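Q: All chains should be built: construct the whole structure from the sequences, respecting the hints.
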Amino acid sequence: MNTLSAMLHGFSLMVGLEPVLAITVGVVLGILVGAMPGLSPSMGVALLVPFTYNLNPLTALVLLVAVYQAANYGGSITAVTINTPGTPSSVATAFDGYQLTKQGKCGWALGISLVASTVGGLFGILILILFAQPLAAVAVKLHPAEYFCLAMLGLTTVASLGGKNWAKAFAAALVGLLIATVGIDPISGVKRFTFEAVDLFDGFDIIPAMIGLFALSEIFIRFEEEGIPRKYKKGDIAKQEQWPKVRDYWALKRVILQSSVIGTIIGIFPGAGAAIASFLAYDAAKRTSKHPETFGKGNPEGVAASESADNASVGGAMVPLLTLGIPGSSSTAVLIGALMIHDLVPGPMLFTTNPDLIYGLFASMFIAVAVMFVMGALGARLWVKVTLIPPAILLPLILAVAVIGSFAVKNSLFDVAACLGFGVLGWGLRRFGFPVAPVVLGLVLGKLAETNFRRAVIMGGYGVFFTRPASLILILVSVVLFAYPLVQQYREGKKSAVKG
Amino acid sequence: MNNLTDVFGFLNTVPGLLLVIAVLAALLLAARFPLRRSAARQNTGLILVLLGLMTVSLFCLFLSFGFARKGDVSASVVPRLWILGLIACCVYLLVDALRGKQERDPAAEHTGLSFLFIGLSFAYFLLIGLVGFYISTVLFLVASMLILAYRRWPVLLAVTAGWILFAYLVFARVLFVPLPNGAWIEMLMR
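Each protein sequence line maps, in turn, to chains A and B.
Here the numbering used here = 1-based position in the first sequence + 35.
Here the numbering used here = 1-based position in the second sequence + 53.
Treat the hints with caution; some may be incorrect.
[As the list claims (entries may be wrong)] Sample of chain A residues lacking proximity to chain B, with all beta carbon distances greater than 12 Å (derived):
#, residue
1, Leu39
2, Asn91
3, Asp240
4, Trp278
5, Lys288
6, Ala319
7, Lys325
8, Ser365
9, His377
10, Gly382
11, Phe401
12, Cys454
13, Ile493
14, Tyr519
[Claimed, not checked] Below, simulated DMTMM-like cross-link-like pairs (lysine to aspartate or glutamate); rule was C-alpha separation at most 25 Å, straight line:
#, chain 1, residue 1, chain 2, residue 2
15, A, Lys137, B, Glu156
16, B, Lys123, A, Asp234
17, B, Lys154, A, Glu328
18, A, Lys530, B, Asp149
Simulated from the structure, these hints should not be mistaken for lab results.
Every value quoted in this text rests on a predicted model; they were computed, and no experiment measured them.
All C-beta atoms in this analysis are idealised placements derived from N, C-alpha and C, irrespective of residue type, glycine included.
A: Right, here's the structure in full:
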């Protein structure tokens, strides 16, 4: 009852021009920031922090959290329309979302992405409200060994991403993991593979790598396969603007719910991030699907899984932030700064000293998701038109977006060169049947895996992974998840050999 | 020992890296000819990619012996783990390819257009450093659209101008991203 009355009070605080305007502006900006490759949710939140100095603390937080929430959805728009994920957590959305666009079903993919994001977002907020404090107690107990095993669990998705080409997928993931070691080692400060180039001391940023591996390689592959791209016919236009019906969304309810749970749980663990959540949810959806062979070829379940997990992870990431003052992601790290600017100390006391702020924030998150749905529905019809731009105009524009997006990350031409280099690498790999998604997965998880592996070994020796029950369970689950598709393929190979 | 240290030192610089890349490219190009006459000619491209990955991995393994050893778990442990895994995968795939169990290389239908755009993209990148973002973007967009046989000049110019305006307003003015002016322009402005 206390939570219910506190929530009702929280909603009453949202009645007014200022909070409604803050939510709307935050959602619109968040969607735009998320959609634009090169701009990340944390960058969007950070850019707005100075504008919140003169706002009251609740309005400031409402604005910033709305940006964070909406940016995670925004990344899916460009992932679906032009195969350029706006955020790392939208990479898995591109696998099937862009395939749907190529099949002339862009509206279909955008509609599913929007509804899945909305439901996932609402689910994450609900878990945050009901279970914030007990969940935070679990999250803070995680040992580096368990973080390493969590990263390994994320990497098991490589086996299912690769399908029959599991060896190529594994090789691609190892390429990503190896590239992630470039730079100054975070534990010992040793320079690795930097060739004395200052730009390489920080390693390769994930955004230019992602843009190059997905967007640029797609452009180069398309030129190679089609030559000079043809213009669209009238029939193409009508198909792209078809939207799913309510029954189509209802058919995805199991995947959306399952992925929302995964997204919220993964989001709770500080540093794990929405990217891992979306990959794991995608993998789980594929393994539990009646038609796993259709994933990666335009299965709406793939889009729904990735997007609902991505947005559910926002609620999860807020759990350690509000209850313990530990950021669950880079965006929540910026939010800690915003809280401190307004003399608020995140932690367990915040719930008792500022209940208005907490429950007002929770209420605003519900409203932000609803506004995101409305804005997304209105904007989606515009975004579909992007796919109808003649390829002779669209493809050079995507290249130009890739260049400016890569430059904007650190105001460095090195990132532009890295983006182009990754584009060529992605083109070369895809040409010979290597999937590029595992390369991104390796880049995203590489530092998390290595840092926690070495910390765990320093703290407890190499046996620590097997003596801690949680990490042992995670290792066993990872081994099973990795080996299962390979064993299945082997059995299918034997069956066909016998039949033949 | 001094010679080995000197070799490590040289290979750990950008000129050393460029030399290694040039030698690797030359070796792979040379390896193409015997492969095209062999039984595995349908997988020439894949085999060359795998040989390239293995060579790069071995080069990285060699460099890892030059990392300073600090702490209980040194900085070379994890990279070597990934390198050995990558070499193992490449060997597995190489054996498969030589036995003809891999899919044939794709037909190179319009590879020239891909290479042209890769070259154009790198030229765009180099031009940004010389004449700045705005001029190089105009040149790149116009050249690209013309190469792709788009001839409606009003739309072409409107799209180019629109993108430049968007980039200026959003990135330069709102986000304060200092888009490069280019070395030549800065020289003229002095």
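Q: Any of the earlier hints contradicted here, and which numbers?
A: The structure conflicts with hints 12, 13, although it agrees with all the remaining ones.
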